[in-house]
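Enquirer: Here is what each chain is made of, one letter per residue.
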Amino acid sequence: MSEKGKSLWSDAWRRLKKNRLAMVCLGLVAFYTLAALYGEAVYQVYKAKDQTAFYQKTDLSQAYQPPSSKHWMGTDALGRDVMQRLIQGTRIAYKVGIVTALIAIPIGVFFGCLAGYFGGRVDDFVVWLYSTVASMPGLLFILAIAMVVGKGLLGIYLGIGLTTWVGLCRLIRGEVIKHKEQAYVMAAKALGLSWPRILFRHILPNVFHVIIVTFTLRFPAAVSTEVFMSFLGIGVVSEPSWGVMINSARMRLWQGVWWEMTFVTLAIFGLVLAFNLLGDALRDALDPRLRTEGS
Amino acid sequence: MNELLQVENVSVRYGALEAVRGVSLVLAAGETLGLVGESGCGKSSLGRAVLALEPVAAGRVMFDGNSVTALKGAALKQFRRQAQMVFQDPFGSLNPRMSVGSAIEEVLFVHGIGASRTTRRDRAAELFRDVGLDENWLGRYPHEFSGGQRQRIGIARALALEPKLLVADEPVSALDVSVQADIIQLLKRIQRARGLAYLFIGHDLAVVREMSDRIAVMFKGEIVETGTSDQVCDNPQHSYTQKLLSAVPDIDKALA
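Listed in order, the protein sequences are those of chains E and U. Each residue of the first sequence is one higher than the one before, starting from 1108 at the first, in my numbering. Each residue of the second sequence is one higher than the one before, starting from 373 at the first, in my numbering.
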């Protein structure tokens, strides 16, 4: 019966598809995602069987094997396969990226929406709150939280998640302030819609592109923070995080054991680059101002 | 006379600026009152104050014998069903992320009109036909329509609640002249069919005269002259009205 219109989302997707570099990055992100899913599957299987996973088993007779057909990326100091550990590192990186986003995005969106829409006292409170959080050096705050809840992933999740909502909150607040003055919001009020409906069903979809772009740019930043913390020894312990791997790889680097360091840093480089370039491309594709009529 | 709307000494303030100063108006059911004035004279602020979209600093607005100035919650929602608005900007007044069909269905849903999705969809299709649009376009998004079509969508959405009063805030001034005539004809046809009252706001005296039974001329936040359309246009009393009239191009004079 009635025809389907072209939404602004499908419009943005069409523009993104035209950007070849963005599609390469999207492919790379998909590749990392598959690796992380495979890593999770392996991890869950061994956890269910209550066995030590093969990427954790030490075999000193196999230590420091250079890349070969058996071990594509060589082995580490304890004879463990670097590629399998790298895949587990991808799994941990994804967990950190996603869980911190799941903590930071709802906080940022919620406070940003309320502050922008209601203004006045509510706005004063939210601005005070995020200014207070932003005034503390981020890394110190993360370290403090990690110290309180102890080593491990929980500290990383909370540390990064509770500090990185500020940027998004600020952006959303600004966008909501801009959008609430627009005629469609006035129209919605005149039609008798309630404020939660106006805010979350009308304004939020119009500022949602900000959330997507922020997520793609925050994701690699969270991963780097995790790598850094694990490298310092206050993050992941006893699991093959990229930071843990870099830390152990640096020991024998001067003796010519180059493979572990090389492949881990390449993996990080690829992930950060792909997400950042994709984030930039998404920003261009989703920007409503760049929409051209009828093109 | 059966007064639908009574505006009594209403003032609207934005900080130190008094946009509307003690304005009084009456509007009967089924009648059209034109409100003319230059941009910034306060006519849009008055239109919004009538619909309780702008806080009233002084005076009161009576609708069907009840004050609307302090309405809240369910009572305000009930008032919204009876008094609706058509906006000047047909591009901005529709949510760009929502298909036009769901925008109309949402209004029906929120006000509890139509028991199921199908009845609401049928009602939206009916409204679309009423304003001269193809019901197959309900799934489309605002950016896929022309300015005139979007204004028709805005009118259909306002009519969804079957209001008694429609405040039309410069509904044609953003449109091409040829499209303006179509929209004016549409508004007149709707008024004949449904007997609703219009508060028609505009700056183009020729357009306002075409629409209105009576005209109020607004200048610097005050009403300087009211009367029937013919009185105001053919025999203006206030110097500002005379100035406004001299700005209307007159084809007879130009040819003479």
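Hints listed in this document are in silico derivations from the structure and should not be mistaken for laboratory results. Ideal placement from N, C-alpha and C gives every residue a C-beta, glycine not left out. Please note that a few of the clues may not be correct.
Taking beta-carbon pairs under 8 Å as the criterion, some of the chain E residues facing chain U (in silico) [what the hints assert, rightly or not]:
(1) E1110
(2) A1119
(3) A1294
(4) L1300
(5) W1302
(6) I1318
Enquirer: Each hint should be assessed against the structure and marked as holding or not.
Expert: Evaluated hints:
Of the supplied interface hints, the one on E1110(E) holds, with its beta-carbon coming within about 6 Å of a beta-carbon of chain U, less than 8 Å. Contact between A1119(E) and chain U, as hinted, is not supported at the beta carbon level, the nearest pair being about 11 Å apart and thus beyond 8 Å. Given the 8 Å rule on beta carbons, the hint for A1294(E) holds: about 5 Å separates it from the nearest Cβ of chain U. Among the interface hints, the one on L1300(E) holds; its C-beta lies about 6 Å from the nearest C-beta in chain U, closer than the 8 Å criterion.
Because the beta carbon of W1302(E) sits about 12 Å from the nearest beta carbon in chain U, more than 8 Å, this interface hint is broken. Evaluation of the I1318(E) hint against chain U yields a violated restraint, the C-beta minimum of about 13 Å exceeding 8 Å.
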